[in-house]
Amino acid sequence: NAGVTQTPKFRILKIGQSMTLQCTQDMNHNYMYWYRQDPGMGLKLIYYSVGAGITDKGEVPNGYNVSRSTTEDFPLRLELAAPSQTSVYFCASKRDGEETQYFGPGTRLLVL
Amino acid sequence: QKEVEQNSGPLSVPEGAIASLNCTYSDRVSQSFFWYRQYSGKSPELIMSIYSNGDKEDGRFTAQLNKASQYVSLLIRDSQPSDSATYLCAVITYQAGTALIFGKGTTLSVSS
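As you go down the protein sequences, you meet chains H and Y in turn.
Taking my numbering, the leading residue of the first sequence gets 1, the next gets one more, and so forth.
Taking my numbering, the leading residue of the second sequence gets 1, the next gets one more, and so forth.
Please note: incorrect hints may appear among the correct ones.
The calculated DSSO-like cross-link candidates involving lysine-lysine, where the alpha carbons are at most 30 angstroms apart (straight line), are [claimed, not checked]: (1) K14(H) x K42(Y); (2) K44(H) x K56(Y); (3) K57(H) x K42(Y); (4) K9(H) x K42(Y); (5) K9(H) x K104(Y); (6) K44(H) x K67(Y); (7) K56(Y) x K57(H); (8) K2(Y) x K56(Y).
To give an idea of the interface, some chain H residues facing chain Y are shown, with a C-beta separation under 10 angstroms as derived from the structure [stated by the list, open to error]: (9) K14; (10) G42; (11) L43; (12) Y48; (13) S49; (14) V50; (15) I54; (16) G58; (17) E59; (18) Y64; (19) Q101; (20) Y102; (21) P105.
Each pair of labels, with its calculated beta carbon distance range [unchecked claim]: (22) I12(H) x A68(Y): 47 to 53 angstroms; (23) L80(H) x K56(Y): 43 to 49 angstroms; (24) E99(H) x S12(Y): 17 to 23 angstroms; (25) G9(Y) x G53(H): 17 to 23 angstroms; (26) E99(H) x N22(Y): 19 to 25 angstroms; (27) R60(Y) x S84(H): 35 to 41 angstroms; (28) K56(Y) x D73(H): 25 to 31 angstroms; (29) L112(H) x S82(Y): 33 to 39 angstroms; (30) P8(H) x K2(Y): 30 to 36 angstroms; (31) A52(H) x Q80(Y): 40 to 46 angstroms; (32) K2(Y) x A82(H): 22 to 28 angstroms; (33) Y71(Y) x G53(H): 21 to 27 angstroms; (34) Q80(Y) x G97(H): 30 to 36 angstroms; (35) N66(Y) x L80(H): 43 to 49 angstroms.
If you are wondering where the hints come from, they were derived from the structure by calculation, not from laboratory data.
Since the structure is predicted, the reported quantities are computational estimates derived from the model, not experimental observations.
Glycine included, C-beta positions come from ideal geometry on N, C-alpha and C.
Could you build the full structure based on these sequences and the hints that come with them?
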């Protein structure tokens, strides 16, 4: 049972490039979340999903897109990378009816 | 905009002392409160959850909740150098798939 896994661990992007941050969980959790954490700050919600095929925006969705075609996977897409998207990205999941979220190890993204 | 406020610190205590971390929240309907510990470069790790007014103890950790004052605290007794980390206070928002709203975190440093 690997829990929540994220790839890559670290990536450097040039301005205008695109990439997909991968998130997979093997706990059969319906709820999945993407957060970003800027230096010295708490985590902010980007997008969330309550089940396969259902996604919605969080507090800071601009510049990102998500999809949820399976229960296990919740990829986050950056289409045109900007320096403001330099951050650490955390994926999390939880079971329906419970409140404890399980976090992945994070992806550190640097946009230059 | 629902908010969670924490003193960013740093909070410095000697080994063996009690560390007191505080958090206030703006949404009066919040029901579920969490304390996460985050070591540098790592993902948040849940250490305490509290749902009812009063105290909840788990080993060296005590969470305290006062809904009337919209105040949550975390006490760490017999602080150890290994407790040195950033502590994030979080509240569930029922408007975004029960995602978490995080404070900016308080950095704790325990000196030996």
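Status of each hint after checking the structure:
1. Among the hinted pairs, K14(H) with K42(Y) is consistent with the structure: their alpha-carbon atoms are about 25 angstroms apart, no more than 30 angstroms.
2. Between K44(H) and K56(Y) the alpha-carbon distance is near 27 angstroms, which keeps this suggested pair within the 30 angstroms criterion.
3. Taking the CA atoms of K57(H) and K42(Y), the gap is near 25 angstroms; set against the 30 angstroms cutoff, the hint holds.
4. Of the pairs offered as hints, the one joining K9(H) and K42(Y) holds, with about 11 angstroms between alpha carbons and a cut-off of 30 angstroms not exceeded.
5. Between the alpha carbons of K9(H) and K104(Y) the distance comes to roughly 23 angstroms, so the proposed pair stays at or under 30 angstroms and holds.
6. For the suggested pair K44(H) and K67(Y), the alpha carbons sit about 23 angstroms apart, so the restraint of at most 30 angstroms is met.
7. As the CA atoms of K56(Y) and K57(H) are separated by approximately 34 angstroms, the hinted pair breaks the 30 angstroms bound.
8. With a C-alpha separation of about 25 angstroms, the suggested pairing of K2(Y) with K56(Y) holds against the 30 angstroms cut-off.
9. This hint is violated: K14(H) has a C-beta 24 angstroms from the nearest C-beta of chain Y, more than the 10 angstroms allowed.
10. Because the closest C-beta pair between G42(H) and chain Y is about 3 angstroms apart, less than 10 angstroms, the hint holds.
11. Here the hint on L43(H) is kept, as its CB sits about 5 angstroms from the closest CB of chain Y, short of 10 angstroms.
12. Satisfaction of the interface hint for Y48(H) is found here, the shortest Cβ-Cβ separation to chain Y being roughly 4 angstroms, below the 10 angstroms cut-off.
13. The beta carbon of S49(H) comes within 7 angstroms of a beta carbon in chain Y, closer than 10 angstroms, and the hint placing it at the interface holds.
14. Checking V50(H) against chain Y by beta carbon gives a least distance of about 5 angstroms; that is within 10 angstroms, so the hint holds.
15. The criterion of a C-beta within 10 angstroms of any C-beta in chain Y is met by I54(H), whose closest approach is roughly 9 angstroms, and the hint holds.
16. Interface restraint check for G58(H): the shortest CB-CB distance to chain Y comes to about 6 angstroms, inside 10 angstroms, so the restraint holds.
17. Taken as an interface hint, E59(H) checks out: its beta carbon lies about 8 angstroms from the nearest beta carbon of chain Y, inside 10 angstroms.
18. Interface restraint check: Y64(H) against chain Y, minimum CB-CB distance 15 angstroms, threshold 10 angstroms, status violated.
19. Proximity of Q101(H) to chain Y holds as hinted, the smallest CB-CB distance being about 6 angstroms (cut-off 10 angstroms).
20. With a cut of 10 angstroms, the hint placing Y102(H) at the interface with chain Y holds, because the nearest CB-to-CB distance is about 8 angstroms.
21. Interface hint status for P105(H): upheld, as the beta-carbon distance to the closest one in chain Y is roughly 5 angstroms, under 10 angstroms.
22. The given range of 47 to 53 angstroms is respected by I12(H) and A68(Y), whose C-beta atoms sit roughly 49 angstroms from each other.
23. Separation of L80(H) from K56(Y) is about 46 angstroms and conforms to the stated range, judged on CB atoms against 43 to 49 angstroms.
24. Between E99(H) and S12(Y) the beta carbons are some 32 angstroms apart, a value that contradicts the proposed interval 17 to 23 angstroms.
25. Hint check: G9(Y) to G53(H), Cβ distance near 42 angstroms, so the stated range 17 to 23 angstroms is violated.
26. The hint said 19 to 25 angstroms for the Cβ distance between E99(H) and N22(Y), and at roughly 22 angstroms that hint holds.
27. Take R60(Y) and S84(H): their Cβ atoms lie about 40 angstroms apart, and the range 35 to 41 angstroms holds.
28. K56(Y) and D73(H) have their C-beta atoms about 35 angstroms apart, which leaves the hinted 25 to 31 angstroms range violated.
29. Between L112(H) and S82(Y), the C-beta spacing of about 35 angstroms keeps the proposed range 33 to 39 angstroms intact.
30. Taking the beta carbon of each, P8(H) and K2(Y) are about 32 angstroms apart, inside 30 to 36 angstroms as hinted.
31. Between A52(H) and Q80(Y) the C-beta distance comes to about 43 angstroms, which sits within the given range of 40 to 46 angstroms.
32. The given range of 22 to 28 angstroms is respected by K2(Y) and A82(H), whose C-beta atoms sit roughly 26 angstroms from each other.
33. Distance hint check: the CB atoms of Y71(Y) and G53(H) are about 40 angstroms apart, inconsistent with the given range 21 to 27 angstroms.
34. Here the CB-CB span from Q80(Y) to G97(H) is close to 35 angstroms, well matched to the stated 30 to 36 angstroms.
35. Remark: the range hint 43 to 49 angstroms for N66(Y) to L80(H) is upheld by a beta-carbon distance near 46 angstroms.
Comparing the model with each earlier hint shows violations of hints 7, 9, 18, 24, 25, 28 and 33; every other hint is respected.
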